[in-house]
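Q: Sequence:
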Amino acid sequence: MLRTPLLHEQDCIIGMATPPGTSGVAVLRLSGPGVLSLVVPYLYTPKGEKVAESGFKPRVMRRLNFIDPQAPDVPLDHMLVVHFPNPHSFSGEDMVELHGHGAPVVVKRIMEVLVAHGVRPADPGEFSKRAFFNNKMDLVQAEALMGLIEATSLRAAREASRQMTGTLSEHLMALKDHLVLTYAHLEAALDFSDEDIEPESEGGLLDRLAYVHAGIKKMLGTAELGRQMRDGFELAIVGRPNVGKSSLFNALSGEDRAIVTDLAGTTRDLNESNLEIHGLPILLVDTAGLRESDDPVERIGIERAWQRVERADGIVFVAEAQLGVTLEDKALLQRLPKEKALWVWNKLDQLEGALPECLQDWPEEQICGVSCHTGEGLESVVAHIVARMEQLPEHGEGVVIMQLRQQQTLQQAIVLIEEAQEMLANGQWLELVAEPLTRSIDQLTQLMGNTDYEDVLGMVFSSFCVGK
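In the UniProt record's numbering, the protein residues as written are 1 to 468.
No lab work stands behind these hints, which were simulated from the structure alone.
Among these hints, one or two may not hold up.
[Unchecked claim] For lysine-lysine, the following DSSO-like pairs were computed, each having C-alpha atoms within a straight-line distance of at most 27 Å:
id: 1; residue 1: LYS47; residue 2: LYS136
id: 2; residue 1: LYS47; residue 2: LYS108
id: 3; residue 1: LYS50; residue 2: LYS108
id: 4; residue 1: LYS330; residue 2: LYS340
id: 5; residue 1: LYS57; residue 2: LYS47
id: 6; residue 1: LYS217; residue 2: LYS330
id: 7; residue 1: LYS218; residue 2: LYS340
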């Protein structure tokens, strides 16, 4: 589908493709019609000879000097320069990349020289936006690119990379085409109702809608996994005060992030640490000790702890092995969702004999012991966490909904399909059924970016870095 960019997107832009700051190498990326002609006047060979546009072979690096017109006697930088003629470039336009040294003052001056010569600083995500307008990617692939850049785990990176190849787009397009075909049959039933042509029955239309409904519902079923791949599996450590929650937090995170003392109520606010286990990012949360308290500050921390318990994907309930199940433990356990909790007996180094009995209905596979003081049992705790994470739904056919925009748009589409299904089942006029059906098609069209909604495009591309 041809996408028409805005007029200002026909000019030439420049942006850093590498992070700002001092580094060994900095890459400046330029894109736009005839952009090579704007760069060539400042490029010379190591022997001081001027460079011609015709001297550039497509996608072949050249070692050149960049000359500042205000100080032409000494090269501003020694760099590698490569030209990507359209349409064989990331943006689909003529592109040039300058691979120079990462001195911020030098990079800034090069950009000043080129901007003075007619190049414009790129907006965030503008290179990707131009790639979208030039049909190098659709909106789902653009979001996958952003997901790859922001990935905090290998699993998220691999899924984003898979979606960049178009796997999710292909599934969405297939469902959209099926909806369009359903609409065509509905229109045929309307247009040829008085002629000797047998239109598809209402039952057949319902079957087609049921097929699309099932496909979208299957995709939406992966949204929770996509959220965890994107944002991390949130694991809250909870329990009474002074049972060793902060010690376990420090042991799992591999650093002393939380203060540990013998005083009950030391932890009053949330401590967080990001780590990765089996390719999934984990947000580990140390919470305040759960108890009744008259201290207003501690009560705030306790309330925040319960809030994190409600939203956490998993819970580690810590109790003291040498004390067994206390009345306070029993009171807390009544409020904890057992199905997502792991029971950890701490302070094994102070225990003589076997682990104490847990509550009778507590699953044995959700119980383990540890000594944060000696490290005994820590691997077992990690293994139990991994087992919990392995219960997450696996995605099928390489399709996972990882972006909130995608999830919300699919939810809107499925509501419209259900509306059309209900109208057909109730025998309403086909003219009325066409309205929610066309709107559901519009939702899938918008999802892939084949739309003129500038606010949708702006929302997606504004989150990109400038050089992308």
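Q: Taking the hints in turn, state whether each one holds.
A: Do the hints match the structure? See the list:
no.	hint	in the structure
1	LYS47 x LYS136	violated (38 Å)
2	LYS47 x LYS108	holds (25 Å)
3	LYS50 x LYS108	holds (23 Å)
4	LYS330 x LYS340	holds (17 Å)
5	LYS57 x LYS47	holds (19 Å)
6	LYS217 x LYS330	violated (39 Å)
7	LYS218 x LYS340	holds (23 Å)
Violated hints, listed in ascending order, are 1, 6; each of the other numbered hints is respected by the structure.
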